[in-house]
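Q: Sequence:
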Amino acid sequence: MTDDQQAITADMVLQDDADKIEELVNKQRVSLCLSQCPAFEEVVDTQVFGYSKEVMLAVRLNLIPEEQGHNLVRDLEQRLNAIYADSFDKQKQK
436 MTDDQQAITA DMVLQDDADK IEELVNKQRV SLCLSQCPAF EEVVDTQVFG YSKEVMLAVR
496 LNLIPEEQGH NLVRDLEQRL NAIYADSFDK QKQK
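In the numbering used here, the protein residues as written are 436 to 529.
Hints are supplied without guarantee of correctness; some may be wrong.
Distance ranges between label pairs, derived from CB positions [said to hold, decoys possible]:
1. Ala442 - Arg509: 31 to 41 Å
2. Met436 - Asp524: 16 to 26 Å
3. Asp524 - Gln440: 40 to 50 Å
4. Met436 - Asp480: 30 to 40 Å
5. Ala520 - Asp454: 10 to 20 Å
6. Ala442 - Ala474: 34 to 44 Å
7. Asp439 - Glu477: 30 to 40 Å
8. Arg509 - Met447: 30 to 40 Å
Rather than coming from a laboratory, the hints here were simulated on the basis of the structure.
A virtual CB, placed ideally from N, CA and C, is assigned to each residue, including glycine.
Please model the complete structure; the sequences and the hints are all you need to start from.
A: See the structure below:
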């Protein structure tokens, strides 16, 4: 496998993991409690922390560039913030 193929594979795996985290958080939002619940925030924090470590490992192994790693984590954080904001807005409307 060439370096380019490894980078593409690493990026695909990391994107897939980010999608799974987003899906999990979306489901947790509904089943656990509303966005102001500490358990909801713990799930989000734990998932983002684990994902950032996974990305950091890929960077350290030179599978992806550092900037791409930062972008992957930032993108996931933005997606999760959108879920949180949506949940908060729905809560306010009640």
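Q: Please go over all the hints and tell whether each is borne out by the structure.
A: Going down the list of hints, with the structure as the test:
1. Separated by about 18 Å at the C-beta atoms, Ala442 and Arg509 break the suggested range of 31 to 41 Å.
2. In this structure, Met436 and Asp524 break the distance hint of 16 to 26 Å, their C-beta atoms being roughly 45 Å apart.
3. Distance hint for Asp524 and Gln440: a CB-CB separation of about 42 Å, consistent with the stated range 40 to 50 Å.
4. About 34 Å separates the C-beta atoms of Met436 and Asp480, a value consistent with the hinted range of 30 to 40 Å.
5. With their beta carbons about 19 Å apart, Ala520 and Asp454 fall inside the hinted range of 10 to 20 Å.
6. The beta-carbon spacing between Ala442 and Ala474, approximately 37 Å, falls within the hinted interval of 34 to 44 Å.
7. Our hint of 30 to 40 Å for Asp439 and Glu477 holds, since their Cβ atoms are close to 38 Å apart.
8. At roughly 18 Å, the beta carbons of Arg509 and Met447 sit outside the given window of 30 to 40 Å.
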